[in-house]
Amino acid sequence: MDLQFDDKMPIYLQIMDHIKMDIATEKLKANDKLPSVREMATILKVNPNTLQRAYQELERLGIVYTQRGMGTFVGERKHMIDDLKQEMAKEVIDSFILRMKRLGFSEEEIIASISKNITEVNKHV
Amino acid sequence: MYNVLEAENLSKSYLNKRALQGANLTIQQGKILGLLGPNGSGKTTFLKIAAGILHPSSGKLLIDGQKPGVYTKSIVSYLPDTEYLFKWMKIKDAVQYFKDFYSDFDEKKSFALLEFMKLDANSSVKSLSKGMKEKLKLTLVLSRKAKLYILDEPLGGVDPTAREKILDAIINNFSENSSMIITTHLVNDIERIFDEVAFISDGEIVLQGNAEELRSNKNKSIDELYREVFQ
Amino acid sequence: MFHLIKYELRGKLLTILGICLTVIIGNLFLMTKVDSWQIGAPVLSGFLGGGALVVICIASLTLMSDYLYDDQGYLLFTLPQSGVSIMASRLITAVIQISIVMIVSMSMFCLLDQGRLLNAILQQVEIHELLYFILMHLWTIVSTLTFMYFCMVVGRIALKGKKVGKVGSFIIFFLLSIARTGLSVASANLFPQMVQIHSVTTMTMNVGSMIFDIVTFGILFMATSYLLEHKVDL
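Protein chains in written order, with the numbering used here: chain A, 18 to 142; chain B, 6 to 236; chain C, -13 to 220.
These are calculated hints, taken from the structure and not from any lab test. Using N, Cα and C, we set each Cβ at its ideal position, and we do this for glycine too. It is possible that some hints are incorrect.
[Claimed, not checked] Below, in silico cross-link-like pairs of lysine to any residue (SDA-like), each with a Cα-Cα straight-line distance of 25 Å or less:
| no. | chain 1 | residue 1 | chain 2 | residue 2 |
| --- | --- | --- | --- | --- |
| 1 | C | Lys217 | B | His60 |
| 2 | A | Lys62 | B | His60 |
| 3 | B | Lys225 | A | Ile80 |
| 4 | A | Lys25 | B | Leu124 |
[Unchecked claim] Rough simulated footprint, nothing fancy, chain A against chain B, three-plus residues with beta-carbon under 8 Å:
| no. | region |
| --- | --- |
| 5 | 136 to 148 |
| 6 | 174 to 184 |
| 7 | 198 to 204 |
| 8 | 218 to 231 |
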C-alpha cells in the first residue's frame, strides 16, 4: 500500500477508504489477513491507534473481522464486493454531479458529457 | 484509561518573565500527545517540570499520581534538547550507564535500536555528528520501558534520513502501557503520529484535542491549524 | 549510590592519573638532585604534593559546579537518585580521590627522604593518635566540601546566571565562614571542657566546638541533599 495522505481529513477514514478500494478491486480477497496494526503503522508512519480505529470501524461495518491473537481478516459477506463497489461509485458520482451542477451544466448535458468523454478516457487507460 | 500526567494551573515565573501561566494538560495512558508552540511559548519549561529538573512556582503536576521526584524519575524517560552525555564515554558506556541506573532498561532492545540506527557501540560520544548524537539519545531513551516518554524536539537539527529513522523508532516503540509527549517545530513531518495535540502559547494551553477530530471538525491539517493559531 | 561513585571515579580517572604521574615523575627528578640541592629537594617534594592536593580539591569543586551549571546536570538530575545519595557518593568519591593523591605524594616524599621523617614521626606518635589524624583527615575533607557544596547549591538556586551564581556562592561561603567561626567560638566558651588527644604536643580538642562541628556538618549535609533533590532548577 503506497498511500499519500491528505492531512486535512481524518487519517483513519483515508485508511479505511484504501482498504475498501483494495477489496472492491479484489486486490484483497475474502479471508485474506490484513497486516497487523503495528506493521501498518510503521509502514505508513502513522499512530497505531489510528490504524486500530480504522480496523475497528471496518469491523463494525462488517467488512473485516478479528480473531483474537491471530489478526484481522477480510470478511466473506455475500455481495460485499458489489456493495463496496456501489458505495464507492456513488461517492464519486454524487460528487461529480454536484460539481458539474456548480459549473452550470443541466442534467441532460451532464449525461451527454459522460458518453462523450468515456471513449476519450478509454484511450488513455 | 487513567491519566499518566495531570497538570493543573501550572505556573512558573522568573524574575523578569512568566514562562508558564496556569497551564492545564492531561495525558492518558497509551496516547501520544504533541505539544506544539513557537520558541519561548513554555514548551521546554513544561517538559522540564515533568522531568523533575525544574520546580513550578504554583499549581500542580502529577505523574502517575505523584509529584515529580525520585519515583517519577524512575518511570519517566526524558530526552532533553541538550548534549548531556558525558564526553569521556563510548556508546557502550552510555548503554551501561542507563542499564545501571534504570531498572526498566532493556539492553537487548538498545542493541537492536543501535543496529537500526547504524551506530557502532565502540565509537566515542565525542566523535559523533549531531544527527548521530540525536539517534543515540533517542536509542537510550526508548530502550527504557517507561510509563511516560518526554521527547523535547527529537527531530531538531537532523537531516531527513535521520528523521525517518527517528520517526520509525518512535512508532515502533509505541505500547498501550505507556504514553508520550513530544514537542516539535516540524509539525508537518510528525503530525500523523499524534493521538492528541495541545497548542501552547505564552505559557498557556490554548487548544487541546484529538488530532483526528480536529482534522474532521476544522477540515485542516494540524500543521495548518498550527499556523493559524500562531499567526 | 555505588553506581554514582563508580561513574564519578571513571569520569575523573585521567585527571587523577595525570596528577599522580606528575607527582611521581617530579619526585623521581628530585631524587636525582638530592645530593646537590640538599634540603631543597624534600621541600620541593612537599610543594609538589601540596600543589597536587590543591588541584584535586579544585577538581572536586568543579565537578559539582559542572553538575549545577552545565548540560551534564541534565543526566544526573533526571536519575532516580535521592539528594542524600548524590551528596554521599560525591563526598565518598572526593575522599577516595584526595586520599589517593595524598598517599602517592607522601609515599614519593618518603622515598625521596629515605624514610627519615617518617621514622621520626612514628617514634613519637602512638597508634591511637595515628588513627585520630586519619580520622581528622577524612573529617576535614568531608566537612569542608559539604560546607562548600552547600554554598554552591544555594548560590545556584538563589542567583540566576553562571557567573553571578559562582561569585554569589563565593560570597555566601565567605559570610557563612565568618558566622560559623563566631558560633564555633561561642560554643567553645559554653562548654570549656577539653579532651586531651596527644601526650607530647598536648594537642587538645574542645568538646563544645567538636559537638558544634558535628551538628553543623549534619545540618549542612541534610540541607544540601534536600536542596539538590527538591529545589535545583536547571
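Violations among the numbered hints, reported as their numbers in ascending order
2, 3, 4, 5
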